[in-house]
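With these hints in hand, go ahead and build the complete structure from the sequences.
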Amino acid sequence: MGIGNRPKFDLYIILIYAALVFIGWMTIYSAAQVTEYAGFFDMNELYGKQILWIGLAFLIITFLLAMDVKFFERFGSIIYVISLLSLLGLFVFGKELNGAKSWYSFGSMTLQPSEFAKAATALAVAKFLSGINISLKNTKDLLLVGLIIALPALFIIPQPDPGSALVYGAFFFALHREGLSLWYLSLVLVAVALFLGTLVIGNWWIAFIILIVVGIIYALSRKRKHKQRLPKPKIALFLIISGVCILYSLSTNYIFNNLLEDRHRNRIDIVLGRVEDNQGVGYNINQSVIAVGSGGLTGKGLLEGTQTQGGFVPEQETDFIFSAIGEEWGFMGSGIVIILFMTLCYRLIIMAERQRNQFARIYGYSVAGIFFIHFFVNIGMVLGLLPTVGIPLPFMSYGGSGLWGFTILLFIFVKLDGHRMSYEH
Amino acid sequence: MRKILLFFLVSVVGLTLLGRVFYLQILKGDAYKLKSELNAVKTVYDIPERGFIYDRDGDLMVANQVAYDIMVIPKDVENLNISSLATLLKMDTTRLRSKIEDAGDWSWQKGSVVLPQLTQEEYAPLQEKLRKYPGFYAQKRSLRKYQVNHSASILGYIREVSPSQVKKDERYISGDLSGKAGIELQYENELRGKKGVKHFIRDHYGRALESYEQGMYDTIPETGADLTITLDNDLQAYAELLMQNKRGGIVAIEPKTGEILTLVTAPYYDPALLMGRDRSKNSVLIFNDTIKKPGVNRALQAEYAPGSPFKVINALVGLQEGVITTAEKLTCRHGYDYGGRKPLGCHSHKSPLALSTGISESCNAYFAQVYRRIIEKGDTPEQGMDNWNRHVTSFGLGNYLGYDLPVGKKGLIPNGEYYSSRYKYKWYAPTTISNAIGQGEVITTPIQLANMTAAIANRGYFYRPHIIKAIDGVPINNPDYTVKNYTTVDAKHFEPVVEGMTAVYKTGTAKYANIPGIEICGKTGTVENFMRIDGKHTQLTDHSVFIAFAPKDDPQIAIAVFVENGYWGSRYAAKIASLLIEKHIKGEITRKDLETYLLTHSLEYEYAKPYSGEPFEINPKVDKGLIQPEVSSQPQPNILKP
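As given, the protein sequences belong to chains A and B, one line each in that order.
The first sequence runs 2 to 426 under the working numbering.
The second sequence runs -16 to 625 under the working numbering.
If you're looking for bench data, these hints aren't it; they were derived computationally from the structure.
The structure presented is a predicted model; accordingly, all values stated were derived computationally and were not measured.
Hints are not guaranteed to be accurate.
Here are the simulated DSSO-like pairs of lysine-lysine, each with C-alpha atoms no more than 27 angstroms apart in a straight line [said to hold, decoys possible]:
| no. | chain 1 | residue 1 | chain 2 | residue 2 |
| --- | --- | --- | --- | --- |
| 1 | B | Lys264 | B | Lys73 |
| 2 | B | Lys452 | B | Lys467 |
| 3 | B | Lys(-14) | A | Lys138 |
| 4 | B | Lys333 | B | Lys494 |
| 5 | B | Lys333 | B | Lys312 |
| 6 | B | Lys128 | B | Lys178 |
| 7 | B | Lys239 | B | Lys489 |
| 8 | B | Lys11 | B | Lys25 |
| 9 | A | Lys141 | B | Lys(-14) |
| 10 | B | Lys58 | A | Lys102 |
| 11 | B | Lys475 | B | Lys535 |
| 12 | B | Lys58 | A | Lys96 |
| 13 | B | Lys(-14) | A | Lys9 |
| 14 | B | Lys452 | B | Lys393 |
| 15 | B | Lys264 | B | Lys123 |
Quick look at the structure:
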């Protein structure tokens, strides 16, 4: 590395990171149910420990930024395999916490390998797709990259931690950027929409709507056929599509009632408003929404939130941390945090787009996608828009593994981006 | 296109979330603020002690004691060894399990009662051991402590409020106790006092963190008012004692005030049975017994034909209407032939006789003629009947009396319309001749008869009977109970009737129940009664009835006694009335022979007859009820032993 190749690390992203980590720690501090206060560094309290995790995260950042930039591409596959092994190892050596066997325990410390697997998978996907003669138009390559993404997810689901597995859907955005058709996402969205639609308004209305929508699309496509090189629309094809959709819709109730577990059913029911149970399964979301709503415009002030101080929202230091921000800092605070996350995503997309190297770009898109999904699903859940899915809010939720996993994920990209001018494939 | 998809989605999602927080925090912020306050403000109620109940002489009848409910919070239950807990609580394991499951169905976070109302003695051994069962705890409550084992039906009882009561009345919260019968129900507002409220900021475990808004919304509890009631503790206890092994009702009233001195319904039970952990078990025994009906207050709710005591009223109405004079003698030919299928019978006595003797000998023929004259005085029987009805109801008969106890019956005093609507053809006075002797259509409750007696004792007016004497030591000043109700019969007509009632004791039907030294005025009654057995209208042994007041010139007590199937008025009712009058006036019993008779005779054999399934004789010439009871000065609750 010569003087001209001095890395230029993106200052904006580092500032956003620092801001989120700081707000996060402050909120954890506020949400703590302290009986005896013994200073910020009280290692019996979560906020004390989080300071330690943040300090270690800075150490990790220093290492990452100091490393040889080629390391990540060169050893991407090995890191991925190690990560998979660490996930598999959980089935044997894992420690059960809160009903999920997702942790390794080292004395009093626990590590959650699935938090690190996201970065490892992103590296592996980027490395594979940036390889010579690899194309997503090639079915074999598509299946292979699908396998790379699916393997960690499949290992995580039975821990059980389906929420963390859901995050792997984020790789769609990287694949799409590299040429994967939007149809795949559309298909998933249609399936979800049909599923929820059937639960809410019932089979017959859904069937009716399917026929109308498919009919309109058919009519539109006939009009436009001479302008485009699309094959002539066949009525049979549309009928088959309608039929499949309707059959799927008819099977929804079976899937819902027989294949899903009770707790998943309950969570979906709560969000759809099919049941109201503010004392039982709906307790978390109800209390969380009350906390956020009661914050008003300016919030109740740090350490003044009655919901937060009274510990009414379960898991408030971890997955439901946003509710404490909403209560104590009001619309101002929650708006700022949402805008910070939007800015983080925007900045990551801009950074990814400016990469000249395909590996870095794919990796960058993966990072943006992962943060997007976490941001969307976590805050959506806290605000009662989505069913309860246990995934953390990046940089803010309490937990060493999460903080480090997200830090590594982000700062590998910061490192790659810093070297974009000198970094050659 | 590929470059902007994620960009676009981030914007959509970001704006959606911003919109959602705007909606929750700005548009609905106030509503959620309120919800969070409801969440966080813990309301602690300070439940005041219920007022005590004293009798007219200041003897304590009802006090309070500490009790404990065993509660569970289902969410806090851990590693429950259900069988060892069941042993500890002396509960059935399946019952305990279903209680815990019910609690979980109701609320996962809030406490529910597993085992209610343990006494201090029952709770003490549990206190330490209960800690070993997380999620279970004891909730302190105040329960009644009865100083007496009588008067259950007057005192009433308290129990946990029903969910519908909680919904209807904001003063109650779940788990509160409220009066459900008797005085406890009637004077619930006075007895319960006012809850104090304290507000705390709490955490989600319900632990209080600090006082809310420096306690500006807090209130101090007001203890319930102590009640002094008009009952005479000693007289009441003695009356219940005399009624053991019998069924019926007694009401004694102080004519000068309308205060109820004694009110007995038999069979009775110990008031303590409806308190504590066996309350529900016992209440089934008491209120679901359809044969003995101990849950029915016979003194207030039993409608009997009054029988001969009613003749006194007909005598008064006859004098008022001028259809007879005190001197006019009427003939009795062992009955009175009014043109019916068989004449109205009468027993043997001298004839002809005047009013006073008519009363003391209880001559049916005499009163049949008086009654007939009263009805026939009208231009039509309807008019005559309406006029008669007006006089009779002025004695408080035929309608609710308006006393301060929560149950009662109207009884019936027919009027012209009553018969006109029932008879297809024209009817005349003889059609309703049974009313002359208090059988027929006329029915009354014991308290109505006692009140009627008080009106006679007062020579023409009565105070509405009542049980309340003072609230927190302040005598009541309720015009309902302090204003005289005048009868339509003039005072001057009462003396000859009272003379006749005195003669009942001196020479007439109750001469064997005379009390030396007290001039008692009374009237016996022997009331025919019927029951449907296997669909057949069957006559049973007559009811024994007696009304009396004493002393004649300064009445201190007016009493009505009804003993079901006791046969002659003098066999049971007159004896009981005499003893109670003596006890009230002299404070001691000189006629020990009467007392012994009553304590050693049981009417259970009469009550068993209709259920024996065999033919039985009624109205035995000799009382066959002699038993050898343990002689006791305390009333023996004769349906249940506590």
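Proposed proximity, Lys467(B) with Lys452(B) (alpha carbon, max 27 angstroms): Distance ~17 angstroms between Lys452(B) and Lys467(B) Cα, so the pair holds.
Going straight from one Cα to the other, do Lys475(B) and Lys535(B) come out at no more than 27 angstroms? Holds: Lys475(B) and Lys535(B) sit about 15 angstroms apart, inside 27 angstroms.
Take a quick look at whether Lys141(A) and Lys(-14)(B) sit within 27 angstroms of each other, Cα to Cα. Between Lys141(A) and Lys(-14)(B) the Cα gap is close to 25 angstroms, so the pair holds against 27 angstroms.
Pair hint outcome, Lys(-14)(B) versus Lys9(A) [Cα-Cα no greater than 27 angstroms]: At roughly 24 angstroms apart (the allowed maximum being 27 angstroms), Lys9(A) and Lys(-14)(B) satisfy the hint.
For the pair supplied as a hint, Lys452(B) and Lys393(B), is the alpha-carbon distance within the 27 angstroms limit? Roughly 24 angstroms between the alpha carbons, so the hint for Lys452(B) and Lys393(B) holds.
Has the given pair, Lys(-14)(B) with Lys138(A), been kept, meaning a C-alpha gap of at most 27 angstroms? Within the cut-off at roughly 18 angstroms; holds.
Starting from Lys58(B), check that the Cα of Lys96(A) is at most 27 angstroms away, please. holds, 25 angstroms
Distance restraint between Lys11(B) and Lys25(B), which requires alpha-carbon spacing of 27 angstroms or less: holds, 23 angstroms
Between Lys264(B) and Lys73(B), does the CA-CA distance stay at or below 27 angstroms? Holds, because 15 angstroms separates the two Cα atoms, which is no more than 27 angstroms.
Does Lys312(B) lie within 27 angstroms of Lys333(B) when you go C-alpha to C-alpha? holds, 11 angstroms
Satisfaction of hint between Lys102(A) and Lys58(B), Cα-Cα up to 27 angstroms: Holds - the C-alpha atoms of Lys102(A) and Lys58(B) are around 23 angstroms apart, at most 27 angstroms.
If you draw a straight line from the CA of Lys239(B) to the CA of Lys489(B), is it 27 angstroms or shorter? Holds - the C-alpha atoms of Lys489(B) and Lys239(B) are around 25 angstroms apart, at most 27 angstroms.
No hint from the list above goes unmet by this structure.
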